[in-house]
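Enquirer: Listed below, chain by chain, are the residues.
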Amino acid sequence: MSKVILTVDDSKTMRDMLKLALGADGHTVIQADDGVNGVEALRSAGDVDVIITDINMPRMDGFGFIDQVRRDPQRRGVPILVLTTETEPAKRQRARDAGATGWIVKPFDPVKLLAAVRRVSP
Amino acid sequence: MDPMEAIKQTYFQECEELLLAMEEGLLAMDAGEADDETINAVFRAVHSIKGGGGAFGFEALVAFAHIFETVLDHVRSGKLAPTGPVVNVLLRAGDLISDHVAAVREGRVLQAEHEQNLKAELEALTGEESASDEDSAPADFEGLDFTPMQICVDLDEPKAAGGWVVRFKPHAALYAKANEPFLLLRELAQLGETVVETDLSALPALDVIEPDQAYFAWTITLHGDIAKEKVEEVFDFVVGDCDLSVEPLSSPTPAVVEPIAADVAEVPSIATQPANAEKKEGPATSDAAKQTIRVDLDKVDRLVNLVGELVITQAMLSQRVLECKIPNASSIGDGLSELEHLLRELQESVMAIRTQPVKSVFQRMPRLVRELAAQTNKKVRLVVEGEATEVDKTVIERLGEPLTHMIRNAVDHGLETPEDRIAAGKPEEGTVTLSAEHRGGRIFIEVSDDGRGINRPRVREKAVERGLISAAAPMSDEEIDNLIFMPGFSTASQVSNISGRGVGMDVVRRNIVDLGGRISIGSVPKQGSKFSLTLPLTLAVLDGMIVGVGDQTFVLPLAHIVESLKPQKQDIQPFGRNGALLNVRGAYVPLVDTAELLGVQRRKSNETGVVILVESQGTGRLALVVDEILGQHQVVIKSFEGNYRHIDGIAAATILGDGRVALILDVDGLVTNCRNRLASNETLATGT
Amino acid sequence: MDDKQIVHAESRRQFITFRSSEQEFGADIMSIREIRGWTPTTQLPHSADYVLGVINLRGVVLPVIDLNARLGRARTEANPKHVIVVVKAADRTIGLLVDAVSDILTVTTADIQPTPELARDDQSEFIEGIAVLDSRMVTILSMERLTASLVAAQNALAA
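Residue numbers (my numbering), protein chains in the order written: chain A, 1 to 122; chain B, 1 to 688; chain C, 1 to 159.
Do not rely on the hints blindly, as some may be mistaken.
Claimed, not checked - Under the rule of at most 27 Å between Cα atoms (straight-line distance), these lysine-lysine pairs were calculated in the BS3-like manner:
1. A/K91 - B/K119
2. A/K12 - B/K359
3. A/K12 - B/K393
4. B/K169 - A/K91
5. B/K393 - B/K299
6. A/K3 - B/K230
7. B/K169 - A/K112
8. A/K112 - B/K230
9. B/K299 - C/K81
10. A/K19 - B/K378
11. B/K359 - B/K378
12. C/K88 - B/K228
None of these hints come from the bench; they were simulated from the model.
Can you build the whole structure from these sequences, using the hints too?
Expert: Listed below in structure tokens is the structure:
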């Protein structure tokens with residue numbers, strides 16, 4: 001089933017790769033390049049089924065963004081997957097504490113990415 | 001293009017930007033001016049380069065980036081202070097990661113002998129050997145590390161024949177994080193045949209139910225030959241937010257539901273969020289203020305060309321209207337005026353798209369200076385001013401090489417060794433200053449050093465040796481200084497590794513002149529030297545005066561025109577062998593017959609014609625004789641050197657309203673040429 | 001042996017042929033951009049006699065060379081009956097003034113002979129060889145060498 005997925009990452013390379021992988025599975029992708037723009041995108045978007053966000057970003061990082069999303073009455077129920085590198089389990093935990101639903105390890109395997117999306121969204 | 005290839009190109013483009021941001025940040029740290037946000041930006045830059053690199057499998061790059069990133073992480077979290085020596089290592093690491101990116105971009109293997117040492121230095125700073133970044137800081141809860149596999153039952157075999165019994169009781173936190181038990185159950189169901197039992201015992205009366213509390217629990221019996229890992233994997237995201245047990249189906253002893261003891265981190269860490277969020281919000285201003293988009297250069301070039309064509313077409317239209325004798329004051333005349341006005345504005349706006357701050361070229365210089373200083377064992381400080389000065393992109397692209405040569409020259413020849421400097425009463429560290437500013441409709445760039453200045457006797461000697469000047473010719477200091485621009489000139493007694501590779505200052509000057517600029521050098525012995533160069537802001541258009549010379553039409557750049565006159569015979573004085581001077585209100589200016597100069601047949605050779613007084617910045621004036629002035633308007637500059645070659649005295653070409661090509665005269669070149677001729681005439685006239 | 005089998009795709013070449021003062025020349029079709037009628041040229045100061053000047057080719061300033069003069073023969077009196085062949089080679093685009101364009105010739109490398117020793121003169125640096133078909137002799141020119149040699153086409157400002 002095709003979903004609307006918001007990807008938040010300050011690296012255009014990463015955004016393009018996510019779009020490629022998610023688009024291949026038929027999903028619609030909205031992009032934002034940092035937490036502030038991510039919040040802005042949520043304000044103006046219609047339905048958003050899943051959010052995928054990076055942690056290290058300028059202006060508002062992943063933790064800040066997740067926190068904002070969870071405070072938003074309209075969007076607090078949207079599953080959020082964080083992009084995290086292998087070597088940062090501490091960051092992963094912190095993201096979860098901030099309200100992240102799950103995580104994707106980067107560099108990501110497109111198969112695992114899509115599986116994670118399926119796991120958190122109907 | 002294959003999508004991954006396109007993304008790879010995006011990655012390299014992004015790396016360019018990230019490397020610039022990294023270098024900027026490191027330089028700020030070096031100057032002691034870095035704030036938290038800057039340090040974070042440097043960290044993020046390296047982190048992103050590593051991230052993308054990982055996706056493409058650039059192992060060497062990723063390996064080095066990881067060590068670099070770890071050190072940067074320590075700096076940004078306050079564990080490592082960015083002292084001078086530390087920043088020095090970071091600067092070098094920045095250079096190396098730049099090299100790594102260049103290597104993968106060019107598809108070659110990076111050979112860097114110093115990489116191992118640099119890695120060791122970096123690791124020494126963090127006190128760990130390629131360690132993971134898991135040091136615990138007491139203030140935040142980052143130190144908590146736990147692995148997802150929490151199931152604590154002991155005597156299970158990984159695979160039980162028959163299946164598993166999963167007991168699953170979510171906590172409120174699970175729902176708060178938007179996890180959906182239904183989805184997890186669905187995923188389990190895909191592993192094998194499931195029987196699900198819901199436990200509603202904890203469900204209170206409807207009027208007491210709180211929407212964000214957890215009341216349900218499930219027991220799922222999973223039939224099938226399934227690996228335990230696969231079952232546990234389903235709950236990867238929710239471990240810690242639920243009570244979970246996975247028991248083999250055939251196990252005789254009923255499993256005890258054991259709560260996972262790892263919820264510790266939940267509540268307290270949320271408190272740290274606002275503080276962090278705030279910190280990141282701070283220095284947002286400069287980014288938020290200016291919105292930019294990225295555009296393909298091809299699109300911009302096409303736009304520029306189209307606008308150029310529009311200008312030509314409009315000129316043609318004006319011409320036709322003129323030929324039809326339609327008066328300017330008519331509605332058509334008004335319309336055309338308006339059109340011309342709008343087009344001018346359009347052109348300026350479009351040209352402005354192509355302008356960029358010189359920063360992009362200037363930013364390469366600090367690294368160059370670092371390397372040169374190391375190579376020559378001198379201490380050098382680079383001061384950069386006016387980076388924000390904007391110039392057309394084409395000018396910027398061609399500015400790099402001349403600037404590099406000038407800076408090399410300054411460090412290699414200009415600056416003395418630290419010992420010599422101290423002996424001369426100067427600070428040990430030499431200073432090279434690079435500045436840019438707009439001046440008089442052009443861009444003015446200076447490269448100066450506080451070194452030993454030009455050795456005039458030596459330069460003069462060399463010039464005489466090479467037959468470039470005659471020993472007797474009197475020369476001003478300024479003229480001697482500028483001798484270094486003559487071809488084949490190098491006063492270095494041993495051609496140094498750095499500067500003397502056969503590319504002399506004459507090539508630099510040629511590059512600048514080709515761009516429509518001028519370069520000169522000044523110097524004060526023992527105090528230093530200064531290169532001054534000017535360049536037009538844009539290479540594409542020109543305000544010109546259209547003149548007729550014989551049966552040909554030429555264009556003179558308005559910027560160089562002082563005035564036009566109709567001279568009287570008595571104002572003309574013969575001079576030297578066959579030259580002449582024009583008396584312009586008391587000052588005598590060389591008079592040049594443009595037709596003769598350019599090999600064109602003059603129409604009326606008896607008349608004195610019209611004289612256009614032109615000036616070349618710094619080199620003097622010339623009175624050019626032409627047959628008539630045909631008009632004045634903006635022309636689009638078309639180069640022909642790409643298809644042909646350089647012609648002395650001709651700067652470029654343009655296409656006039658009637659579709660014909662007209663050549664644009666190079667005033668600087670003409671003035672220099674005439675001066676040389678006059679000088680040789682003079683010496684011939686006076687010489688013995 | 002079957003001749004047809006020996007001829008491989010790569011050994012066939014296509015040329016556009018044109019006439020200039022009773023001689024027939026050929027240029028590799030890959031280097032020909034377009035063919036235009038003659039337009040009056042704008043003179044270039046102090047240029048060699050074979051450089052006719054420049055013309056406006058849809059906004060590009062194109063140098064035009066008199067092929068005859070370049071090959072050491074008499075200068076052409078250009079008139080509207082002449083043709084300008086626009087070629088692109090060695091990173092340059094230039095125009096060649098010729099009398100007329102003939103046709104497209106397809107030859108195999110076997111049909112091209114090297115220039116005979118005795119016939120060589122200074123202009124033969126531009127000649128790749130001679131293609132002979134039936135009774136027709138076409139001199140194959142190297143567009144690269146022609147365009148690259150423009151560097152020498154300019155004299156210094158009158159001294």
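Enquirer: Of the hints given before, which are not true for this structure?
Expert: Numbers 9, 10 and 12 - these are the hints that the structure violates, sorted from lowest upward.
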